[in-house]
Amino acid sequence: MAVMRMGYMHVRVTDLAEAKEHYANTVGLYQTLEQDGRVYYKGWDEWDHHSIVIEEGGVGYVKCGFKCERPEDIADIEAKATVYGYPVERMVAGENPEVGDGIRVTLASGHQVEFYSHMTSYGLEVGTHNPDAFPRHMVGIGAPRLDHALLWVNDVAGIERFFMDCVGMYPTERVVTSLDDDAKTLATWLTLGESNHDIALLEAPENKIHHFAFEMRSWDDILKAADIFAMDDVPIDIGPTRHGITRGTTIYFFDPSGNRNETFAGGYRCFRDRPMVTWTADQLGKAIFYHSRELNERFLTVAT
Amino acid sequence: MPRLTVASDGVVVELREDETILEGLHRHGYAYRTGCRRGGCAICKVDVVSGEVRYTRPVADTVLSDAERQSGVCLSCRAVPVSDTTISLREETLRCVNPLLALYATSH
Chain A
33 MAVMRMGYMH
43 VRVTDLAEAK
53 EHYANTVGLY
63 QTLEQDGRVY
73 YKGWDEWDHH
83 SIVIEEGGVG
93 YVKCGFKCER
103 PEDIADIEAK
113 ATVYGYPVER
123 MVAGENPEVG
133 DGIRVTLASG
143 HQVEFYSHMT
153 SYGLEVGTHN
163 PDAFPRHMVG
173 IGAPRLDHAL
183 LWVNDVAGIE
193 RFFMDCVGMY
203 PTERVVTSLD
213 DDAKTLATWL
223 TLGESNHDIA
233 LLEAPENKIH
243 HFAFEMRSWD
253 DILKAADIFA
263 MDDVPIDIGP
273 TRHGITRGTT
283 IYFFDPSGNR
293 NETFAGGYRC
303 FRDRPMVTWT
313 ADQLGKAIFY
323 HSRELNERFL
333 TVAT
Chain B
72 MPRLTVASDG
82 VVVELREDET
92 ILEGLHRHGY
102 AYRTGCRRGG
112 CAICKVDVVS
122 GEVRYTRPVA
132 DTVLSDAERQ
142 SGVCLSCRAV
152 PVSDTTISLR
162 EETLRCVNPL
172 LALYATSH
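Chains as they are written, first to last, in this note's numbering: chain A, 33 to 336; chain B, 72 to 179.
Only chain A is shown next, with the shape it has when bound in the complex (with noise of 0.2 Å):
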């Protein structure tokens, strides 16, 4: 089974003239097509149609995307989701603009994902053939591409089994509420493969999105993105900081409708059969926030 990377996130926008200038202007990202008010974008490194999508009205969550290497990942995952419990549905090429068939899976937690394994090749500026390291006139923070999403869910242990079960993920780290067998998790952080994470969860009191990231490439490139948030006016959460959890240097940051992004760089490249990491909650400041060890007053209670 063969689940690449998570290809895109869906997100609901107050006023999608703001949100355009952020997401292409600071982000950076590339705007690929706009259409029945939907606004659909790539970052620089992507190759596919759309890695972003936002759409005017409310805020929040609307659904996010798992790209296959083939369309036997997506029976397969059927079979197994449906075995599992969640509501599967299928989705045919073009509900999502220049996406192929697939399905849509209905978390536990009431989060809609789909699993595809087309999406229109969009191609990259700098190209394939004797490339260049990088587009020469990057706008803003120049954001190559997605990286991951964090969700507040309500069944962080059935959700964190559907993701390893049916969709071959593994844990790199988790926060539990102590080192005793019966400990419950808090939060999990998972991935397919060599990445540090491509899901992670957290148990709340509501199923919403906490955030999702852009993958930078470097400590600079994220000095960087705070330098063009000042000038920007763009509310920061946090950082530029590090993570004890993947050890990634981050910020944390709104767009102009309150959904909370994140800039990544770094974390170690993870195998199956690395050991997790284990956090216990007393410890969850540094966890999250490494040099100030403390959380501040909206990591656990914002989310859209």
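Selected chain B positions facing chain A (in silico; Cβ < 10 Å):
no., residue
1, Arg104
2, Gly106
3, Cys107
4, Arg108
5, Gly111
6, Cys112
7, Arg128
8, Pro129
9, Val130
10, Ala131
11, Asp132
12, Thr133
13, Val134
14, Cys148
With a Cα cut of at most 30 Å, we get these calculated DSS-like pairs of lysine-lysine:
no., chain 1, residue 1, chain 2, residue 2
15, B, Lys116, A, Lys95
16, A, Lys52, B, Lys116
17, A, Lys52, A, Lys95
18, A, Lys95, A, Lys216
These are calculated hints, taken from the structure and not from any lab test.
Here a beta-carbon is modelled for each residue, glycine too, at the ideal position from N, C-alpha and C.
Given chain A's structure and the hints, the job is docking chain B onto it.
Just chain B now, kept in the frame of chain A:
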């Protein structure tokens, strides 16, 4: 210009035209618990005791329901007082994080 009173803390500030409650209090050196500051997370809700506010940007129904609006709840990062307004914070107190501004801020 509207005058904003925080009844729970006895603080009174003069607002500028089209200034939100949050902007006005920040400009006078005061802070309280806020989240996204862009109308999405609902954590900065306060109760309007008297006066009237309006919204210059759309606010999602899932963030602030009609019932809440009618019962005097407002989203302080987006709500712009249109007349002298008195609010009350919920389960917290205003923190003066910039005493210089608290002393010297002006509305013009």
